[in-house]
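Participant: Be aware that the sequence shown starts at 6, since it is given in the numbering used here, and climbs by one per residue.
Some hints could be false.
List of simulated lysine to any residue pairs, SDA-like, C-alpha gap at most 25 angstroms [said to hold, decoys possible]:
#1 285 / 233
#2 206 / 30
#3 7 / 238
#4 144 / 7
#5 203 / 241
#6 128 / 30
#7 332 / 83
#8 315 / 209
#9 223 / 154
#10 273 / 178
#11 283 / 330
#12 283 / 315
#13 144 / 309
#14 128 / 154
#15 7 / 97
Pair by pair, the computed Cβ-Cβ distance ranges are [unchecked claim]:
#16 128 / 213: 23 to 29 angstroms
#17 155 / 276: 31 to 37 angstroms
#18 157 / 197: 20 to 26 angstroms
#19 215 / 251: 38 to 44 angstroms
#20 128 / 52: 29 to 35 angstroms
#21 247 / 124: 19 to 25 angstroms
#22 148 / 77: 34 to 40 angstroms
#23 61 / 211: 24 to 30 angstroms
#24 52 / 157: 52 to 58 angstroms
#25 6 / 104: 43 to 49 angstroms
#26 279 / 251: 44 to 50 angstroms
#27 7 / 144: 38 to 44 angstroms
#28 279 / 124: 50 to 56 angstroms
Bear in mind the hints are in silico, worked out from the structure with no lab data behind them.
By construction, the Cβ of each residue, glycine as well, lies at the ideal position given by its N, Cα and C atoms.
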Amino acid sequence: MKVLVTGAAGFIGFHLTLALLGRDDEVVGIDNLNDYYDPALKSLRLDEIAHHVNHSNFEFIKADIADKSFIEKLFVDNSFDLVVNLAAQAGVRYSIENPHAYVESNLVGFVNILEGCRHSNVKHLVYASSSSVYGMNVKQPFSTEDRVDYPISLYAATKKSNELMAHTYSHLYNIPTTGLRFFTVYGPYGRPDMAYFKFTKAILNGDSIDVYNNGDMKRDFTYIDDIIEGVVRVIDRIPEPQANKFTAANPPYKIYNIGNNNPVTLRKFIRVIEDACKVKAIENLLPMQSGDVPTTYADISGLAKDFGFKPRTSIEQGIGSFVDWFKENRPE
């Protein structure tokens with residue numbers, strides 16, 4: 006199949022591209038290579054793709070999904086079977102500082118992708134949503150049956166908006182869409198703005214780490230290999246029209262949580278990183294940050310039922326693999 010992967014130089018996009026090329030799909034990857042975090046890591050990912058794949062099956066284009074003219078031409082020039090939209094402005098806290106970046110990428114960019122799918126014969130659009138849509142919901146674990154009407158960051162609001170936009174296009178134009186609510190993905194080649202990356206770097210350098218809310222927050226940390234296995238399974242199954250008890254509309258539209266279904270405290274997470282690094286952390290205790298949530302916990306029963314999805318990587322195994330990678334590719 007011919008697959009468009011947006012955000013192909015990003016963390017999940019990179020690993021997904023490798024997986025798709027590994028099974029001989031043809032992949033067109035686009036990414037704007039912005040400087041939200043060090044573009045050198047994105048270049049490292051692209052170099053890794055170049056070293057391990059059949060070049061004739063992969064084309065990379067530096068571009069922004071918010072560029073309407075480019076996206077229109079991209080879909081005219083290519084006949085994509087599948088589209089996986091992973092391009093987005095990431096980060097909860099950065100959305101408080103720079104809201105316009107999220108509107109451009111996560112809203113304008115996403116509608117450009119939807120329009121591209123609308124005017125071509127794309128069989129399935131899979132897109133990244135986020136566990137952040139659950140906000141400070143008190144019911145645990147988070148279920149796709151829960152209401153997600155109370156976002157506490159603009160990032161979360163844009164991800165919920167993506168789900169609503171996808172539902173509209175699925176209903177109006179019969180475009181099969183599947184949204185995946187990712188829960189704290191980690192692993193080799195991960196994002197340096199994420200806590201595990203910052204902690205590992207600081208601990209190995211002998212620097213202090215900022216620990217918010219006394220380390221009492223819980224996260225459903227999910228290893229990248231488990232995530233990619235789930236994403237690939239989802240890509241290959243086109244959703245059928247879905248009846249819903251709340252509406253007469255039944256478009257080919259699905260939403261799934263994709264997580265580990267086993268949250269751990271930040272405190273335990275730090276202990277695991279310390280063990281992998283064989284160094285004790287120097288902690289700087291701070292209060293909870295604006296836009297942050299105390300717990301994420303995924304109910305993955307839908308993904309398990311429909312795809313047999315079951316995460317297999319323990320936090321000790323996953324962090325061990327990340328720390329090994331980090332030591333070999335240690336950034337300055």
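Participant: Hint by hint, say whether it matches the structure.
Facilitator: Structure-based check of all given hints:
1. With a CA separation close to 32 angstroms, the supplied pair residue 285 and residue 233 exceeds the 25 angstroms bound.
2. A hinted pair counts as satisfied when its Cα atoms are at most 25 angstroms apart, and residue 206 with residue 30 does not qualify at roughly 35 angstroms.
3. Restraint check for residue 7 and residue 238: the C-alpha separation of about 16 angstroms stays at or below 25 angstroms, so the hint holds.
4. A threshold of 25 angstroms between alpha carbons decides the hint, and for residue 144 with residue 7 the separation of about 40 angstroms lies outside it, so the pair is violated.
5. The suggested pairing of residue 203 with residue 241 is violated, with an alpha-carbon distance near 35 angstroms, which exceeds 25 angstroms.
6. A distance of roughly 15 angstroms separates the Cα atoms of residue 128 and residue 30; the hinted pair therefore holds under the 25 angstroms criterion.
7. A hinted pair counts as satisfied when its Cα atoms are at most 25 angstroms apart, and residue 332 with residue 83 does not qualify at roughly 40 angstroms.
8. Proximity of residue 315 to residue 209 is assessed by CA-CA distance (about 32 angstroms); at most 25 angstroms being required, the pair is judged violated.
9. Of the supplied pair hints, the one linking residue 223 and residue 154 holds, its CA atoms being roughly 22 angstroms apart against a limit of 25 angstroms.
10. Of the supplied pair hints, the one linking residue 273 and residue 178 is violated, its CA atoms being roughly 47 angstroms apart against a limit of 25 angstroms.
11. For the given pair, residue 283 sits about 15 angstroms from residue 330 by alpha-carbon distance, which is consistent with the 25 angstroms threshold.
12. As the CA atoms of residue 283 and residue 315 are separated by approximately 30 angstroms, the hinted pair breaks the 25 angstroms bound.
13. Of the pairs offered as hints, the one joining residue 144 and residue 309 holds, with about 20 angstroms between alpha carbons and a cut-off of 25 angstroms not exceeded.
14. This hinted pair does not check out: residue 128 and residue 154 have alpha carbons roughly 30 angstroms apart, beyond 25 angstroms.
15. As the CA atoms of residue 7 and residue 97 are separated by approximately 32 angstroms, the hinted pair breaks the 25 angstroms bound.
16. Range check, residue 128 to residue 213: about 50 angstroms between beta-carbon atoms, so the 23 to 29 angstroms window is missed.
17. Take residue 155 and residue 276: their Cβ atoms lie about 32 angstroms apart, and the range 31 to 37 angstroms holds.
18. Between residue 157 and residue 197, the C-beta spacing of about 24 angstroms keeps the proposed range 20 to 26 angstroms intact.
19. Checking the proposed 38 to 44 angstroms range against residue 215 and residue 251 shows it holds: the Cβ atoms sit about 42 angstroms from each other.
20. Between residue 128 and residue 52 the CB atoms are about 31 angstroms apart, so this pair conforms to the stated range of 29 to 35 angstroms.
21. For the pair residue 247 and residue 124, the beta carbons lie near 24 angstroms from each other, so the given range of 19 to 25 angstroms is met.
22. Taking the beta carbon of each, residue 148 and residue 77 are about 38 angstroms apart, inside 34 to 40 angstroms as hinted.
23. Distance hint check for residue 61 and residue 211: the Cβ-Cβ separation is about 47 angstroms, which falls outside the suggested range of 24 to 30 angstroms.
24. Under the hint 52 to 58 angstroms, the C-beta atoms of residue 52 and residue 157, about 38 angstroms apart, miss the expected range.
25. A hinted range of 43 to 49 angstroms for the beta carbons of residue 6 and residue 104 is inconsistent with their spacing of about 36 angstroms.
26. At about 47 angstroms, the beta-carbon gap between residue 279 and residue 251 stays in the expected band of 44 to 50 angstroms.
27. The given range of 38 to 44 angstroms is respected by residue 7 and residue 144, whose C-beta atoms sit roughly 41 angstroms from each other.
28. Checked against the hint of 50 to 56 angstroms, the pair residue 279 and residue 124 passes, with Cβ atoms roughly 52 angstroms apart.
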